Amino acid sequence: MTAHAEQTTPLAVQATPPTRQAAPGTVTNRVGFVLGLADDALVAAQRLAQWCTHGPEMEEDIALSNIALDQLGAARLLLTYAGEMEGAGRDEDALAYQRDDREFRNCLLVELPNGDFAVTMAKLLFLAAYQVPLYTALAGCGDERLAAIGAKARKESAYHLDHASLWVRRLGDGTDESHRRMQAAVDEVWPYTHELLAPDPTAPVDPATLRVDFDSAVSGVLAEATLTVPETSWTPDGGRNGVHTEHLSYLLAELQVLHRAHPGASW
Amino acid sequence: MTTARAAVAAVVDPEIRVITIEELGILRSVEEEPDTGRVVVTITPTYTGCPAMEVIRADIRRALAAAGHPQAEVRTVYTPPWSTDWITEAGRAKLARAGIAPPGPVRPTGPVPLTLTVRCPWCGSPETEQISHFGSTACKALRRCRSCTEPFDHLKAL
Chain V
1 MTAHAEQTTP
11 LAVQATPPTR
21 QAAPGTVTNR
31 VGFVLGLADD
41 ALVAAQRLAQ
51 WCTHGPEMEE
61 DIALSNIALD
71 QLGAARLLLT
81 YAGEMEGAGR
91 DEDALAYQRD
101 DREFRNCLLV
111 ELPNGDFAVT
121 MAKLLFLAAY
131 QVPLYTALAG
141 CGDERLAAIG
151 AKARKESAYH
161 LDHASLWVRR
171 LGDGTDESHR
181 RMQAAVDEVW
191 PYTHELLAPD
201 PTAPVDPATL
211 RVDFDSAVSG
221 VLAEATLTVP
231 ETSWTPDGGR
241 NGVHTEHLSY
251 LLAELQVLHR
261 AHPGASW
Chain C
1 MTTARAAVAA
11 VVDPEIRVIT
21 IEELGILRSV
31 EEEPDTGRVV
41 VTITPTYTGC
51 PAMEVIRADI
61 RRALAAAGHP
71 QAEVRTVYTP
81 PWSTDWITEA
91 GRAKLARAGI
101 APPGPVRPTG
111 PVPLTLTVRC
121 PWCGSPETEQ
131 ISHFGSTACK
141 ALRRCRSCTE
151 PFDHLKAL
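If you read the sequences in order, they're chains V and C. Going letter by letter, the first sequence gives residues 1 to 267 in the numbering used here. Going letter by letter, the second sequence gives residues 1 to 158 in the numbering used here.
Treat the hints as calculated values from the structure; they're not laboratory data. In this text the structure is predicted, and so the values were computed from the model without any measurement. Cβ atoms here follow ideal geometry from the backbone N, Cα and C, with glycine treated the same way. One or more of the hints may lead you astray.
[Unchecked claim] Ranges of calculated distance between the beta carbons of each label pair, as one might list FRET restraints:
#1 V:A253 to C:V18: 37 to 45 angstroms
#2 V:E144 to C:P51: 20 to 28 angstroms
#3 V:P113 to C:A90: 46 to 54 angstroms
#4 V:H54 to C:A10: 38 to 46 angstroms
#5 C:P51 to V:P263: 16 to 24 angstroms
#6 C:E73 to V:A253: 32 to 40 angstroms
[Stated by the list, open to error] Residues of chain V clear of chain C, computed beta-carbon distances all greater than 10 angstroms:
#7 V27
#8 A94
#9 D116
#10 K152
#11 T175
#12 R180
#13 E231
#14 H259
The shape of chain V in the complex, shown without the other chains (with noise of 0.2 angstroms):
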């Protein structure tokens, strides 16, 4: 693994990421985006899913795994597409368990620390904010494989928006102690949307055209919060390109361990 173990600011990456090379609307370039949001999906299950057993309450426990469970559905079917288009022989297995964290293409959002439950809300609020109006570009894209996919999971990210803005707005407006929490989850978590919205024009989708949807979704939310949309300052990337915060070789080593001691164990 190569963790970045170095950090002058809290969760920056200091790495100089290497350019991309694919020419482009080349295949290589289209792997490399579908890589992407594969992973953002993956590593935000892996994620949520160690909120099991840990929620605030019973119902939330259940809704965030339920979340995950939808995250994870996701991430199998454009594993398993940018596994076919790459056609070196992977599978969603081969591309989940057998890949080092330099190989990730997610967004650095994704693999923060869950932190307390307000920074998991405002993590679920941005993701959200922008595979809605992700997926439903991709819905009407020209690739059938992700207009598919995309006309399948916009519906689901539509309930993980409308329970993270729940959240968002009840510990928004909720009391002071909630407040001033929710208020400093979202300027922590802030810097890293940058990242998600990154101009990519040979993409299926450029993701800076999602930035209308994005604002739209998020300072609505925000406002009826009481919280304060935060001062845009450092804008963290990366991810990528497979340059990451040290968190995701944790999450990645105990996504994998199993497999990589057992390949290819079922039960």
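Got chain V sorted already, so can you dock chain C onto it with the hints?
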């Protein structure tokens, strides 16, 4: 010998055992190849991550084998995406009798608004409230009746 179609259509959902996969709307087609007798079944998942899919595939193969169709293939398709609008009227009635409030009609795209009137499947009262968006399975929400105080599942419109 039971027809392949009838055998597959009678397979029940492993998580909601009062309703068949046909009534649930996840059975898309059953085709028997005239020459070989091989049966190709096409199904679609309710939710992408639905863990019941493996069991459903196995149940379909078992039902076909029992009906005299040992050669079977189960294919999974994702488009068009499943919608609760595909649940049949008979299926909705069975859900309600089992204490699961059936889904309302699906709305157009966009954020999912709160459902305003879900009737209690036990006492019929419209005075119910949502406890959680997510219930015992991915496709259900958890609600409570303010009239009879019973909790109940609600199959979410999707």
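Failing hints, ascending? 10
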